[in-house]
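Number of protein chains: 2
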Amino acid sequence: MITPSELTPREEIHSRITRLQKVLVEKEIDLALILQNVDLYYFTGTIQNGQLFIPCQGQPVFFVQKDFARAVAESPLKPLKVESLKELPKRVQEQGLSGKKVGMEFDVVPVSVFNRIGGLFGEWEFKDLSREIKQIRSVKSEFEIRQIKKAGEIVTRVFSEVKNHLQEGISEVELDARLTSIGRTLGHQFFLRMRGLNQEMMNVHVLSGKSASVTTYSDTPFGGPGLNPAIAQGSSARLIERDQPVVIDYGAGYNGYVTDETRTFVVGRLKDPFIKACQVALDIIAELESSGRAGVVPARIYERAQEIAEKAGLRPNFMGHGDGQVVFVGHGLGLEINEWPVISKGEKRPLQPGMVFAFEPKFVFPGEGAVGIECDYIVRESGLERVTQFPKEVVTL
Amino acid sequence: MITPSELTPREEIHSRITRLQKVLVEKEIDLALILQNVDLYYFTGTIQNGQLFIPCQGQPVFFVQKDFARAVAESPLKPLKVESLKELPKRVQEQGLSGKKVGMEFDVVPVSVFNRIGGLFGEWEFKDLSREIKQIRSVKSEFEIRQIKKAGEIVTRVFSEVKNHLQEGISEVELDARLTSIGRTLGHQFFLRMRGLNQEMMNVHVLSGKSASVTTYSDTPFGGPGLNPAIAQGSSARLIERDQPVVIDYGAGYNGYVTDETRTFVVGRLKDPFIKACQVALDIIAELESSGRAGVVPARIYERAQEIAEKAGLRPNFMGHGDGQVVFVGHGLGLEINEWPVISKGEKRPLQPGMVFAFEPKFVFPGEGAVGIECDYIVRESGLERVTQFPKEVVTL
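As you go down the protein sequences, you meet chains A and B in turn.
Read the first sequence against the numbering used here and you will find it ends at 397, with the numbers running on by one and no gaps.
Read the second sequence against the numbering used here and you will find it ends at 397, with the numbers running on by one and no gaps.
Accuracy of the hints is not assured; some may be wrong.
The list treats identical chains as interchangeable, and a pair is accepted whether it falls inside one copy or across any two copies.
In silico lysine-lysine, DSS-like type, Cα no more than 25 Å apart, as pairs [what the hints assert, rightly or not]:
id	residue 1	residue 2
1	Lys127	Lys276
2	Lys90	Lys345
3	Lys27	Lys163
4	Lys345	Lys81
5	Lys271	Lys210
6	Lys86	Lys348
7	Lys276	Lys78
8	Lys348	Lys27
9	Lys86	Lys345
10	Lys127	Lys163
11	Lys311	Lys345
12	Lys27	Lys149
13	Lys22	Lys100
14	Lys345	Lys78
15	Lys22	Lys276
16	Lys134	Lys345
17	Lys127	Lys86
18	Lys345	Lys210
19	Lys149	Lys276
20	Lys90	Lys134
21	Lys276	Lys311
22	Lys345	Lys163
23	Lys27	Lys134
The set of hints was computed from the structure by calculation and includes no laboratory data.
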């Protein structure tokens, strides 16, 4: 039932490392040191505990503490066993790694780890490589797109099951639990990783009626009440009522890669302003699909979406309301759910072939509820390719 | 069905802040700046996006970006609205906050955030407060213990349901999915937070037969194969077989607080060495329960456990095998699952009343499987109090 996952092919790892080396040369950085688990998986094919050194020229060196045998089995690089960080200076020297400027992931490496590394390699000058890594990771290979599509299959299967579980009187969190279980049984990897301090995302948010208009800390059009103030996102114990929109935001993960999609459901029938907002969401999607392709500037996509919302008189409700309103309509996806490109007001760098993003025109009505749709797209030279298919109608059931 | 969560009481927040202030005075630190979401929740009662300044004397100042209304509703402190970090220097000055030495959470704050703060407050000298915060958080109040017990109730209910779902031929991951769903429906908060770089933990691991002897990157006696190399922990697609041990490690979360317990199950009957190892696990627990109390040194508990394993000829299997063996038999719990105290070889600081830890004597047999039990304890002056009750027999079904 669950498709066994693929190991990352050797040529894939080679190409990723070559792309990073090109950037290192451009930025005059001698060596990159990769420490975060997701970046390690990206550049080595394994998430086992280790440190990867990529010189601007020559072969990468991958030290592994635990689990060594597993790293050897999974990574096309040849891991070298190292018992502890203390050994690193000696081993680095043995491997002939040298340099003065060393790039690191400043956006995720904690100060204490940074200081530890600095203590071991006192002569190095450290530079931030976060942006360069995010840039490289934003363009996906066909191998990566295949993984994302498999995650998309889980999402599609889960949404197709909603009709068997959604009913008046079921709580948001119980529906959430059932959909989580369905996804997991289909091979959902459980984690939806999100990059950076304090970033965390649940697999599913089931928000009905006014739950969907509850704002929270997250940089999302709706965040939901959650079950308690320590979590403060997602489904609540609220019972689902007739004729109120139920928005289900579901992220699946397969072999590290994630998708993030939203559908709107209802038990009974929706009225305006929800019906109208659903149509406007579809209009925004139609506009994206007719004009989106490599070379298009994300800020322009965001502006067009905003204009369509404005014209429909729904600008105050577009992508949240009041203080909860966000200034983007889409975000990149891959091994993490907050990758580049962001389809936002400020993003002027054009889309490139192989970028993958979630596009999510959503409308929030304070105290009443929210509707919207979210669909994932792959950027191609000539247009956009959908990761999954969504129904013609926004609202189903 | 789901108990509504409590807000953190004012006196609770006050006492936590007072404890931190006492440490600041001792360490001659003028001001603490708290940025991580879990520490923010601990010291403010809300996890909304903000920055908390705690001077060594006087009132804390809590700035909030988003969601301000929610922070006001949840926190007994009086949050002040701040649009962005850029405003902080001006606002900090307005609030009369001053100092030279400023403490921060070096173990979780990324370099880029640290540099940003350093850029805003150029005159400050930053000190690491991680250890002090972990120390304070390691001693729980009765309010916190009540939350942990509620998380324990979820664990107990989930384990009591295993018999209705465990059967020959079900996959580990399908059983995992069902147990996840049962917990979530009972109000599980979904996240099991873990502190530090690359630390992540699933809610449940279902490991049958040889799956439980697969080692991985995590610092745990067994980690499991997981579904793919990007995740590399937890349940696999393996079908559960008769007469093989099934270890289920389940963590529940309620109002931020977590529990972490393990039971061993079997369809059919276990043979030696598993039966013997189960008995030794119970012997180790009996030893802990007879001698554990405030004042006892964790290293001594670990040594005693190791001696009992040694005497039974199971030292090579105790807490993992080969490279996968870990040098602890328990770990602190609270808002994160890797808190202090660690019941390890090296931990010489005595247990204090109010500490809460998971104790997990486990035995791993390479290529065959693992058995064990994990139970959470509250440290009292006169002994240990169990968070949940576990059955007299390790193996059930």
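Status of the hints after comparison with the structure:
Within a single copy, Lys127 and Lys276 get their C-alpha atoms no closer than 50 Å, and across copies no closer than 55 Å, so neither meets the 25 Å cut-off. In this homomeric assembly, Lys90 and Lys345 never come within 25 Å of each other (Cα to Cα): the closest approach is 48 Å inside a single copy and 27 Å across copies. With identical chains, the CA atoms of Lys27 and Lys163 are never at most 25 Å apart, being 53 Å at best within one copy and 59 Å at best between copies. Taking the closest pair of Cα atoms, Lys345 and Lys81 come within 25 Å of each other only across two copies (24 Å); inside a single copy the shortest separation is 47 Å, beyond that limit.
In this assembly of identical chains, Lys271 and Lys210 lie within 25 Å of each other by CA distance solely inside one copy; the values are 15 Å within and 55 Å between copies. Only between protomers do Lys86 and Lys348 lie at most 25 Å apart by alpha-carbon distance; the minimum there is 23 Å, versus 44 Å within a single protomer. Proximity of Lys276 to Lys78 under the C-alpha cut-off of 25 Å is found in neither arrangement, the shortest distances being 57 Å within a copy and 40 Å between copies. In the homo-oligomer, the alpha carbons of Lys348 and Lys27 lie at most 25 Å apart inside one protomer (21 Å), although the nearest pairing across protomers, at 48 Å, exceeds that limit.
In this assembly of identical chains, the alpha carbons of Lys86 and Lys345 lie at most 25 Å apart only when taken from different copies (20 Å versus 46 Å within one copy). Neither within a single protomer nor between protomers do Lys127 and Lys163 lie at most 25 Å apart by alpha-carbon distance, with minima of 51 Å and 55 Å respectively. Only within a single protomer do Lys311 and Lys345 lie at most 25 Å apart by alpha-carbon distance; the minimum there is 18 Å, versus 67 Å between protomers. Taking CA atoms no more than 25 Å apart as the test, Lys27 paired with Lys149 passes in neither setting, with 34 Å inside one copy and 53 Å between copies.
With identical chains, the CA atoms of Lys22 and Lys100 are at most 25 Å apart within one copy only, with a shortest distance of 17 Å there and 42 Å across copies. For the homomeric pair Lys345 and Lys78, neither the shortest alpha-carbon distance inside one copy (44 Å) nor that between copies (33 Å) is at most 25 Å. In the homo-oligomer, the alpha carbons of Lys22 and Lys276 never lie at most 25 Å apart, since the shortest distance is 49 Å inside one protomer and 58 Å across protomers. Taking the closest pair of Cα atoms, Lys134 and Lys345 come within 25 Å of each other only inside a single copy of the chain (19 Å); across copies the shortest separation is 40 Å, beyond that limit.
In this assembly of identical chains, the alpha carbons of Lys127 and Lys86 lie at most 25 Å apart whether taken from the same copy (22 Å) or from different copies (23 Å). Taking identical chains as interchangeable, the C-alpha atoms of Lys345 and Lys210 are never at most 25 Å apart, the minima being 28 Å within one chain and 52 Å between chains. For the homomeric pair Lys149 and Lys276, neither the shortest alpha-carbon distance inside one copy (31 Å) nor that between copies (47 Å) is at most 25 Å. In the homo-oligomer, the alpha carbons of Lys90 and Lys134 never lie at most 25 Å apart, since the shortest distance is 30 Å inside one protomer and 32 Å across protomers.
Taking the shortest Cα distances, Lys276 and Lys311 sit within 25 Å of each other inside one copy (12 Å), while across copies they are farther apart (74 Å). Taking CA atoms no more than 25 Å apart as the test, Lys345 paired with Lys163 passes in neither setting, with 36 Å inside one copy and 54 Å between copies. With identical chains, the CA atoms of Lys27 and Lys134 are at most 25 Å apart within one copy only, with a shortest distance of 15 Å there and 39 Å across copies.
In terms of the numbered hints stated before, the structure departs from hints 1, 2, 3, 7, 10, 12, 14, 15, 18, 19, 20, 22, listed from lowest to highest.
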